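K.L.:
Sequence:
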Amino acid sequence: MQEGDFTEIRAELMRRIVAIESRRGTGGIAREVDAIRRIAHRNGMLPAVTLAHLLESALARGEHGTLVQDWLAMLGEAVHSERQDDATSDAFAAACQVRFA
Numbered sequence: 008m009q010e011g012d013f014t015e016i017r018a019e020l021m022r023r024i025v026a027i028e029s030r031r032g033t034g035g036i037a038r039e040v041d042a043i044r045r046i047a048h049r050n051g052m053l054p055a056v057t058l059a060h061l062l063e064s065a066l067a068r069g070e071h072g073t074l075v076q077d078w079l080a081m082l083g084e085a086v087h088s089e090r091q092d093d094a095t096s097d098a099f100a101a102a103c104q105v106r107f108a
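The sequence shown maps to residues 8 to 108 in our numbering.
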């Protein structure tokens, strides 16, 4: 994938994350997070895929409000991560376990 394409994909994912912040109700949020996860997966963005899965699980547990905003911030960090490998994905997952425990 060319750098310009990757930049466009990151920008699209960030637009979607910002749009989620204004939504109410977990159903709409869950659908949008699923779309983000699918786009990230297609483009090999493993940390974003992992964070999207974790956020989907948090929504399923009934988390909402400020906690979801914190998850979205972490998802944004994963999207912008320079490294998109398994180790980075694992590091983001571990950070979430500590931050959201």
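One or more of the hints may lead you astray.
Stated by the list, open to error - Estimated spans, in silico, between C-beta atoms of each pair:
1. Thr73 x Arg38: 14 to 22 Å
2. His48 x Glu89: 29 to 37 Å
3. Phe13 x Ala108: 30 to 38 Å
4. Ala67 x Glu28: 30 to 38 Å
5. Thr73 x Phe13: 25 to 33 Å
6. Gly69 x Thr14: 15 to 23 Å
7. Asp12 x Thr95: 16 to 24 Å
8. Glu89 x Arg49: 14 to 22 Å
9. Glu28 x Arg106: 16 to 24 Å
10. Ala108 x Arg45: 33 to 41 Å
11. Glu70 x Val25: 14 to 22 Å
12. Arg68 x Asp12: 16 to 24 Å
13. Gly35 x Ala94: 15 to 23 Å
Derived by calculation from the structure, the hints in this document are not laboratory data. Note that the structure is a prediction, hence the values are computed from the model and not measured. Beta carbons are placed, not taken as given, at the ideal position from N, Cα and C, and that holds for glycine.
K.L.:
Against this structure, judge whether each hint is valid.
P.N.:
Quick rundown of the hints versus the structure:
Against the hinted window of 14 to 22 Å, the Cβ-Cβ separation of Thr73 and Arg38 comes to about 21 Å, which satisfies the hint. About 19 Å separates the C-beta atoms of His48 and Glu89, a value inconsistent with the hinted range of 29 to 37 Å. Look at Phe13 against Ala108: about 32 Å separates their beta carbons, and that is inside 30 to 38 Å. Checked against the given bound of 30 to 38 Å, the beta carbons of Ala67 and Glu28, roughly 19 Å apart, lie outside it.
Thr73 and Phe13 have their C-beta atoms about 31 Å apart, which keeps the hinted 25 to 33 Å range intact. Distance hint check for Gly69 and Thr14: the Cβ-Cβ separation is about 36 Å, which falls outside the suggested range of 15 to 23 Å. Between Asp12 and Thr95, the C-beta spacing of about 20 Å keeps the proposed range 16 to 24 Å intact. A hinted range of 14 to 22 Å for the beta carbons of Glu89 and Arg49 is consistent with their spacing of about 19 Å.
At about 18 Å, the CB distance of Glu28 to Arg106 agrees with the hint of 16 to 24 Å. The given range of 33 to 41 Å is broken by Ala108 and Arg45, whose C-beta atoms sit roughly 28 Å from each other. For the hinted restraint 14 to 22 Å between Glu70 and Val25, the CB-CB distance of approximately 19 Å keeps it satisfied. Separation of Arg68 from Asp12 is about 35 Å and departs from the stated range, judged on CB atoms against 16 to 24 Å.
The beta-carbon spacing between Gly35 and Ala94, approximately 33 Å, falls outside the hinted interval of 15 to 23 Å.
Comparing the model with each earlier hint shows violations of hints 2, 4, 6, 10, 12, 13; every other hint is respected.
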